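Peer 1: Spelled out, the chains give:
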Amino acid sequence: MDLSFTAEHEKFRTEVRAWIADNLKQTWSDALRDPNNGEHELIEVRRAWQRARYKAGYLGMSFPKEWGGRGATGVEEAILAEELARADAPEHVNFLGIGLCAPALIHHGSEEQRRRFIPPMLAGDEIWCQGFSEPGAGSDLASLRTKAELDGDSFILNGQKCWTTFGPWADWVFVLARTDPNDRYGGISFILCDLKSEGIDMRPLKQITGESEFGEVFFENVRVPKENLVGEVGEGWKIAMTVLGYERGAGTMSTAAHLGNGLRNLVKTAKELGLDDVGTRRKLGKLVVDWQTLYSNGLRTLANMADGKAPGPESSIEKLFWSEFDQRLRETALELLGAGGQLSRFYSGARPDVDWPRDFLWSRAETIFSGSSEIQRNIIAKRVLGLPQA
Amino acid sequence: MRFELSEDQTLLKDATTSFFASESPIETSREVSEADGEGFSRGQWKKLAELGYLGLIAAESAGGAGLGAIELSVVLQQAGRVCFPGPLLDVVLATRALTAAGGQDETITQIAAGEKIVVLAQSDRVWPDDIGGATFADGHVKGSKVFVPFAASADALLVTTDAGLVLAEGPFACEPMPTVDEAQRFARVEFDNAATLIGDNTLVEGVWELAHVGAAALALGVCEAAGEATIRYSTERETFGKPIGVYQVLQHRMADMVLRTESSRAIVFRAAWSLDNGAADRGLVAVSAKQYAVESANEITLASVQIHGGNGFTWEYNVHRWLKLAMTLDHHYGARNDLLERALEQVEAQ
Ligand SMILES: Cc1cc2nc3c(=O)[nH]c(=O)nc-3n(C[C@H](O)[C@H](O)[C@H](O)COP(=O)(O)OP(=O)(O)OC[C@H]3O[C@@H](n4cnc5c(N)ncnc54)[C@H](O)[C@@H]3O)c2cc1C
Numbered sequence: 037m038d039l040s041f042t043a044e045h046e047k048f049r050t051e052v053r054a055w056i057a058d059n060l061k062q063t064w065s066d067a068l069r070d071p072n073n074g075e076h077e078l079i080e081v082r083r084a085w086q087r088a089r090y091k092a093g094y095l096g097m098s099f100p101k102e103w104g105g106r107g108a109t110g111v112e113e114a115i116l117a118e119e120l121a122r123a124d125a126p127e128h129v130n131f132l133g134i135g136l137c138a139p140a141l142i143h144h145g146s147e148e149q150r151r152r153f154i155p156p157m158l159a160g161d162e163i164w165c166q167g168f169s170e171p172g173a174g175s176d177l178a179s180l181r182t183k184a185e186l187d188g189d190s191f192i193l194n195g196q197k198c199w200t201t202f203g204p205w206a207d208w209v210f211v212l213a214r215t216d217p218n219d220r221y222g223g224i225s226f227i228l229c230d231l232k233s234e235g236i237d238m239r240p241l242k243q244i245t246g247e248s249e250f251g252e253v254f255f256e257n258v259r260v261p262k263e264n265l266v267g268e269v270g271e272g273w274k275i276a277m278t279v280l281g282y283e284r285g286a287g288t289m290s291t292a293a294h295l296g297n298g299l300r301n302l303v304k305t306a307k308e309l310g311l312d313d314v315g316t317r318r319k320l321g322k323l324v325v326d327w328q329t330l331y332s333n334g335l336r337t338l339a340n341m342a343d344g345k346a347p348g349p350e351s352s353i354e355k356l357f358w359s360e361f362d363q364r365l366r367e368t369a370l371e372l373l374g375a376g377g378q379l380s381r382f383y384s385g386a387r388p389d390v391d392w393p394r395d396f397l398w399s400r401a402e403t404i405f406s407g408s409s410e411i412q413r414n415i416i417a418k419r420v421l422g423l424p425q426a
Numbered sequence: 015m016r017f018e019l020s021e022d023q024t025l026l027k028d029a030t031t032s033f034f035a036s037e038s039p040i041e042t043s044r045e046v047s048e049a050d051g052e053g054f055s056r057g058q059w060k061k062l063a064e065l066g067y068l069g070l071i072a073a074e075s076a077g078g079a080g081l082g083a084i085e086l087s088v089v090l091q092q093a094g095r096v097c098f099p100g101p102l103l104d105v106v107l108a109t110r111a112l113t114a115a116g117g118q119d120e121t122i123t124q125i126a127a128g129e130k131i132v133v134l135a136q137s138d139r140v141w142p143d144d145i146g147g148a149t150f151a152d153g154h155v156k157g158s159k160v161f162v163p164f165a166a167s168a169d170a171l172l173v174t175t176d177a178g179l180v181l182a183e184g185p186f187a188c189e190p191m192p193t194v195d196e197a198q199r200f201a202r203v204e205f206d207n208a209a210t211l212i213g214d215n216t217l218v219e220g221v222w223e224l225a226h227v228g229a230a231a232l233a234l235g236v237c238e239a240a241g242e243a244t245i246r247y248s249t250e251r252e253t254f255g256k257p258i259g260v261y262q263v264l265q266h267r268m269a270d271m272v273l274r275t276e277s278s279r280a281i282v283f284r285a286a287w288s289l290d291n292g293a294a295d296r297g298l299v300a301v302s303a304k305q306y307a308v309e310s311a312n313e314i315t316l317a318s319v320q321i322h323g324g325n326g327f328t329w330e331y332n333v334h335r336w337l338k339l340a341m342t343l344d345h346h347y348g349a350r351n352d353l354l355e356r357a358l359e360q361v362e363a364q
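Respectively, the protein sequence lines represent chains A and B.
Quick note: the first sequence uses my numbering, first residue 37, plus one each step.
Quick note: the second sequence uses my numbering, first residue 15, plus one each step.
Hints are computed from structural coordinates only; laboratory data are not their basis.
Note that this is a predicted model, so its numbers are computed, not measured.
Quick reminder that beta carbons are idealized off the backbone N, C-alpha and C, glycines included.
Here's a subset of chain A near chain B, in silico, CB distances under 8 Å, partners left out:
id, residue
1, Ser40
2, Val325
3, Ser332
4, Leu338
5, Ala417
6, Val420
7, Leu421
Listed next, with one range per pair, are the computed distances between beta-carbon atoms:
id, chain 1, residue 1, chain 2, residue 2, range
8, A, Thr42, B, Glu252, 50 to 58 Å
9, A, Thr278, B, Glu250, 32 to 40 Å
10, A, Thr42, B, Asp169, 42 to 50 Å
11, A, Glu46, B, Thr249, 43 to 51 Å
12, B, Pro185, A, Leu309, 50 to 58 Å
13, A, Gly74, B, Arg251, 56 to 64 Å
14, A, Glu46, B, Thr24, 27 to 35 Å
15, B, Arg139, A, Thr278, 56 to 64 Å
16, B, Glu48, A, Gly422, 32 to 40 Å
Derived lysine-lysine pairs resembling DSS-like cross-links, with alpha carbons at most 27 Å apart:
id, chain 1, residue 1, chain 2, residue 2
17, A, Lys345, A, Lys101
18, A, Lys47, A, Lys61
19, A, Lys183, A, Lys274
20, B, Lys27, A, Lys345
21, B, Lys256, A, Lys418
22, A, Lys101, A, Lys91
23, B, Lys338, B, Lys61
24, B, Lys338, A, Lys319
25, A, Lys61, A, Lys304
For reference, chain B alone in the conformation it holds in the complex:
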């Protein structure tokens, strides 16, 4: 048994850490995502493609690196640390759905090369009763989807419809759906597009476990980076002639950050390993990893706002960027309340 990453995985981790730290430290990520526009940098996207991140889990025959959930988690953990802007996880999930559908190597190759952006459009609700929904007939998709990530930049969308999963060709009619997190570019899409049926909707369910683990890895990165920033601040900021880090109430909140970060690391990588190895309980572990790591990212970033005091409430400090990413993750890639229900169902079925 071994928890540590393999040699190859460690090399990937080191390369990825230095890539994100130099290419897009959080300050750069902020500039990109807070500017008007696409919400990510086309230049950086090309680099992601060149370094193989977009095709990370796609088969080598489809221009990918053929790696698994552990490697994906290694990469997304670093992306989460710097709040890397853009639909990185989303296109990786699209390659997984396309791979499962079969016969889609050409599109996958284009995604991996950074030539095409394809993401999933699967959400039908804003509120429980506010049903959009899409239909497919005669090579055409109609209807609407909400919370489609970076839809305005997408060349094609994978849309769940009454007939099954279809690949719809852009351009798309998008209405932006601004949320608490300015780094996101969600949109409501009204479809009237040419599309091809590629399989049934269970293809999306098959992607779900990977989505949970990927989001959990992003959250782990948030936990780490927000925790480290807070601890650094607590040794620099002085009140009453002492660094605030000497105060035990704050020390204990920061100790809780360690507790949550290290526990998140344990379950995120266990979940990734469980997916790659087809473990029988991988569904339960993936759901739990997503829920625990994202809940932790939210707790840690909220504590971080508090420990930064007035500075923590300013736009200037980075704390709110991590907080808002944590808030986004809470309700996407598996929403909190659904995951809690799913976790319980798995134990009831045991």
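So here's chain A without its partners, still in its complex pose:
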């Protein structure tokens, strides 16, 4: 066993930390609290931060050099993500593009597609969204019905996608569309679609937080050039599964750092408010224990990755752990802070460090998206335990 970072890794961490200190002018919490920042301005805050990172070489670092990366290892990616989270830096604006679409292109796309799409994705010039879910196809994604029919040199898209994160700000969408109604898995294709195309109607969808970070997209006879197909016709499901593997496995270390900030804020707030009875202290202590366990899970995955081991069932375990931990953290916060904890961040007397009600509400999404908790438990029961299926 060796869970230590090498001297080179530590040097990289020091570099990253110094760069963040020099370049991050406003934490994400402060940006959120700034009354001049509406949803649109916040997107621009994130875009500007993304550009700064891209220029400095701190974005898509593990991509091959020709795609703007530096061929960095997963360990360096994890260190970067951890430092960014610790500094409370904004998330960049293209995490769906860079996190999901770019890997699909690198592993399954054509040379032209990589050249055309990856650089502007990294630069923040084109924002991407993920068009997988439909009103009738979420957990049961393979029952999706949005159709793509070949007509000469183009596909004609018809159908609807929903809960599309960043849809209202996106320039492009990567779509799973049905190319064969009779083949459940083999009849799905992975297609890149310009959201400025004729026949597209993107409508913001308001979330329980009051924000409209996601939207719904309607496709009516939308013409997409055939070159925008990734892989072959009918390979969409296979590609999506590799890509979702990335989504599910990515970044437990940075999640742990991010949730560590939330936990420290809660500990500090409780102290300042004189909430020091034994029951409260035990609840907080339990969160600390779970947070350390979450971090340990991330460290194991990282060490296994550095050791060249293929990821196993850890991704389902980690997704369950961090999403449910975040819910316990936010539930505990609201329980301890009482009526004051429900105050909006815009109230002058709200505590300056966090937005408790928004963080609470947001945590409810985490056990739904990227494979709900129920689906993750089904996966473990079937693939890890091999339990008999009904």
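Got chain A; can you put chain B with the ligand on it based on the hints?
Peer 2: The following block gives chain B with the ligand in isolation, referenced to the frame of chain A:
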């Protein structure tokens, strides 16, 4: 970076797995611990000594193997799986305290050889106000200690007193303290024994981190074994013409067993590695590992009772053995509520 055990550690793991599986499968452990008497087998104890388990972390110069917390965790994980009876972790902790005290190689050598059983007697309370406590003067220890593990079998005890840590020579006046776990042999000891002062009481605090990790490793073994037994049962037991393992409510409880077991494994071995490598946050990680793994062992064994149905409530089935070990670990080697407080203090101090 690497999470996997080294080659040597893997060899130790394989040898230990087959030793415990053949020497003391849970059925054998049960026979030994449920019989009247010492609660462990002197024959097995000799074998532990011969295989080097008792002196695992003691220096080679004191008859030990000179290994660390990772190896100890590998061994205790297997011991936990079979609920191995006897004060294995306790004597290992005693060797650590004696090593820290210095000048105690002779006693350590005897412990490692299985010739002497020495454990810590450090608990002064049953309830918050029920203070026992021991005093030391003129080469003599007086007073009482509670929850001393396997005290009736001990040749000597390491006792915390007003003057510091003393090594008291047996035999001891013991009153058994039966608990929920029939495999334990706790006792209240009334001291009137010859003793020597070997250092101050902080020696015991120094052993605490290792105690946390060791108990967490035992708990990890409980998680694994109780989980596996439950999953096996769920594929064999049929209701309404189907194995109960097809029912999703049960599948999800068993998926949670995997979640907790694998997460326990991650933090237990991180904690062991952190101790062996003197990591700055090792105190926080050790406390968290103990708390998380033991809480998990309790959750998993309780779910296991439920999934075994009526059989789960019978003495005959093994489930209650794992449950009761998990319950014991919850309040020994660092009690739950103290650990929660300690974990919070560490974050407050950051
Ligand atoms: C904030 C947010 C952002 C999102 N962003 C995107 C995005 O960018 N792109 C995109 O494509 N999608 C996105 N989604 C959609 C998300 O992927 C789906 O909501 C998710 O897959 C669940 O599908 P569903 O909503 O149809 O729920 P359903 O599948 O209808 O599930 C309803 C309930 O039933 C449970 N359930 C379903 N099947 C089973 C089963 N077999 N066993 C047990 N329980 C079951 C579920 O766990 C859930 O509790 C987003 C969702 C949210 C909340």
